[in-house]
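Spelled out from the first residue to the last, the chains are:
There are 2 protein chains.
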Amino acid sequence: MKTVGIIVEYNPFHNGHLYHARQARQAAKADLVIAVMSGHFLQRGEPAIVNKWARARMALENGVDLVVELPYAFSVQKAEYFSKGAVSILHELSCNSFCFGSENGRIGDFLLSAEQVEASSHLLNPLIRKHMRKGVSFPKAQTLAREELFEDTLPLDLSQPNNILGFHYVQANRTLETPMEPLTIKRQQAGFHEEALSDQPIASATGIRKAIHERKGLKAVEQYVPPSVFKELTRYYNYYGQLHSWELYWPLLKYRLLSSSPSELACLYEVTEGIEYRLQQAARSASSFTDFMQAVKTKRYTWTRIQRMLVHILLNVPKEEMNEALESARYIRLLGMNGKGRQYLNEIKKNLSLPLITKAAAYKKELALDIKATEVYALGLEPYSSHSLVLSEYNEPPVILT
Amino acid sequence: MKTVGIIVEYNPFHNGHLYHARQARQAAKADLVIAVMSGHFLQRGEPAIVNKWARARMALENGVDLVVELPYAFSVQKAEYFSKGAVSILHELSCNSFCFGSENGRIGDFLLSAEQVEASSHLLNPLIRKHMRKGVSFPKAQTLAREELFEDTLPLDLSQPNNILGFHYVQANRTLETPMEPLTIKRQQAGFHEEALSDQPIASATGIRKAIHERKGLKAVEQYVPPSVFKELTRYYNYYGQLHSWELYWPLLKYRLLSSSPSELACLYEVTEGIEYRLQQAARSASSFTDFMQAVKTKRYTWTRIQRMLVHILLNVPKEEMNEALESARYIRLLGMNGKGRQYLNEIKKNLSLPLITKAAAYKKELALDIKATEVYALGLEPYSSHSLVLSEYNEPPVILT
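So the protein sequences, as listed, match chains F and L.
Following the numbering used here, the numbering of the first sequence begins with 1 at its first residue and continues without gaps.
Following the numbering used here, the numbering of the second sequence begins with 1001 at its first residue and continues without gaps.
If you're looking for bench data, these hints aren't it; they were derived computationally from the structure.
Treat the numbers as computed from the prediction; the structure is a model and nothing was measured.
Among the hints, a few may not be true.
[Stated by the list, open to error] With a straight-line cut-off of 27 Å between C-alpha atoms, the simulated DSSO-like cross-links for lysine-lysine are:
1) LYS1319/L <-> LYS1365/L
2) LYS1002/L <-> LYS1084/L
3) LYS319/F <-> LYS78/F
4) LYS372/F <-> LYS1319/L
5) LYS1299/L <-> LYS1140/L
6) LYS1359/L <-> LYS1340/L
7) LYS350/F <-> LYS365/F
8) LYS350/F <-> LYS2/F
9) LYS1372/L <-> LYS297/F
10) LYS319/F <-> LYS1372/L
11) LYS1002/L <-> LYS1078/L
12) LYS2/F <-> LYS78/F
13) LYS1297/L <-> LYS372/F
14) LYS319/F <-> LYS1299/L
15) LYS84/F <-> LYS219/F
So that you can see chain F by itself, here it is in the shape it has in the complex (with noise of 0.2 Å):
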């Protein structure tokens, strides 16, 4: 079988997605398209919307095969690790192509500004750092750097999120013994940060969220989700009681920057330089979420990165127990599937060379970071809900669509 892979978060899944995932098909003439999926904690450093297993149906629901999970310590990740941990899960599922959407949507662009910037990392990283003196952010470093380096001759523009993203997938699919074939599709409307929804079918993820969060309830997305997402939303909705967001973990987040001294903080994976004060001096004034983020923010840091720091810290993970995490966390953990996706992983299954979880109860080690924060994740709910959450994280076996 000829497979694709992708790479996801679905917070939520959206008509956006739903073509990504049919032009990923095509454009790679696949018999399968594999996705791997953030869980609970996403890139940007936020609680996915509704838990792994909604989202993992919704895939299967829409023209996914196989969902697998990218592993806590490359999701909550800078663009660099997220692309590493994913691109190498799909390689490992013997994938023939992955296939990305961006802003852009020239494959060759892509190809051609790895191998540039590659060329001139030795002239790249002295810049890179020359900006990063003057007190702006690493990413906004990266682009000034570039900018005075390559001017207008890099082909490809990396001031474009998904852009960068795709980047990194390509950068890091290079490294790769036996590389698999990179494709790209160019985005359709709705920007990757756009907040206004219009009457368009697709709208970006982030002015979905804002949507239902701001209580304008699911309705107001209906037209730019497909129906059995909708669906899924509602049920969700109506079983959990909510939908997650930052909020919801706000009173936890600021209770363990009140109650550790600071040198608990600097402990914490990607809290440095002292901002472990600014933290909790923003905490014990702050009266939300919102609120904190709004007093902690500083042009030294993206508003993401910031969020990043604050899931770590949320979760308590060490920088000792992430660095190893990122070394150490190799394994297929299996959140859904249809029958193709059940045949082609029989299929490969002797070939893989990593452990295939299906059941968590007995990796318990090797998951200990994602299973934390699934019991994080889940005390955002009630308490029988949140139990019963946690519960599937042990127990619960892969969604079959069949």
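Given chain F, work out where chain L should sit, using these hints.
Coordinates of chain L only, in the frame set by chain F:
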């Protein structure tokens, strides 16, 4: 001025406390009653039902002239340390005597018993250890050892909770260079832990809290507290929308237990013998604090010892910090006074060997644990009230009743 000291928690202040304050003044022929009172977390390992300023006000309105705070380092502690801390503060404040309520009511019995126990401590301690090896709790082992050693020759029944506390006050007082005169009065009606309310005007604080927390409403306890206390409780409830109980802090405690590693928990004060595993396991499935305590309790630990341990976990207090604080928490934190109290304080101020703290802002380091206690205690309230309570910790002048 002749002064008598009393050791209190006022959780909440009730008619029995009023009786105690009056009798203490009479018995000591004192011009002034000084209370040393636990702050936001109490000896039995519980959050106080209302904050310390409200409780200081209740005291001042009902027969107490001066209220100072027993530091966290002593208040959330077994009887020995609790007594040592409280007695030493009363002594520092130049009390001529101190007076406690007891089931026994005869001071001679306390003095004789203290002498007898001290004289036999070399025999008693091995017996206590013997009983503990059989897996019973420390207080139980103490009782068994005393029964074995003294049979019925000890004049004091040390199985009664107020007798035990008084016994430790007397012991602590004996170690002072210039001991105060110890006095005791017989407690009226209602046993210490008596939970059922009767038609008498005196009920136990336990019974009163139980009635309140079981949502019988404040009206149900009106007859057991002075009118000013009833007003204060009502005002508090209307302002903060809450009276405090462990259930309010259960989500935070559960989060702390689930997001900490066993070795992190094992570093905290009173967490010993691998009980951290038991706590984590119970936290996973418990849906309330009551539920959790039922799952955790064991005959090896008393209920209050476990609760105290949980307060230290909630506040994230390491063994090291607490052991240090037990030595270094040497200050007089003024919570409130009336005119007579103020006059007395002016008289003795120059003779105080410890700092007299009226505003915490200047003593952040010394008060670190008390401030943390307030910050965590405040998290039980809505954001706005929570913030104002924390500001009180830093800036609230003592309650002054004129």
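query: When you check the alpha-carbon spacing of LYS1002/L and LYS1078/L, does it fall within 27 Å?
result: violated, 30 Å
message: For a C-alpha distance cap of 27 Å, please report whether LYS84/F and LYS219/F respect it.
response: Distance of about 37 Å is beyond 27 Å: violated.
- request: Would you check the hint for LYS319/F and LYS1372/L, treating anything up to 27 Å between C-alpha atoms as holding?
  value: At roughly 25 Å apart (the allowed maximum being 27 Å), LYS1372/L and LYS319/F satisfy the hint.
- prompt: Has the given pair, LYS319/F with LYS1299/L, been kept, meaning a C-alpha gap of at most 27 Å?
  reply: violated, 39 Å
message: Checking one constraint from the list: CA of LYS319/F to CA of LYS78/F, max 27 Å. Satisfied?
response: At roughly 15 Å apart (the allowed maximum being 27 Å), LYS78/F and LYS319/F satisfy the hint.
message: Just to be careful, I want the Cα atoms of LYS1372/L and LYS297/F compared with a cutoff of 27 Å; is the pair within it?
response: holds, 25 Å
- prompt: Is the straight-line distance between the alpha-carbon of LYS1002/L and that of LYS1084/L 27 Å or less?
  reply: Cα-Cα ~22 Å, so holds.
query: Between LYS350/F and LYS2/F, is the straight-line Cα distance small enough, at 27 Å or below?
result: holds, 18 Å
message: For LYS1319/L and LYS1365/L, compute the direct alpha-carbon distance and say whether it is at most 27 Å.
response: holds, 18 Å
- prompt: Would the pair LYS350/F and LYS365/F pass a check requiring their Cα atoms to be no farther apart than 27 Å?
  reply: holds, 23 Å
- request: Take the C-alpha atoms of LYS1299/L and LYS1140/L, compute the straight-line distance between them, and say whether it is at most 27 Å.
  value: The hint holds at about 9 Å.
field: Hint consistency between LYS372/F and LYS1319/L [alpha-carbon to alpha-carbon, up to 27 Å]
entry: holds, 25 Å
Checked against the numbered hints above, the structure breaks hints 11, 12, 14 and 15 and satisfies the rest.
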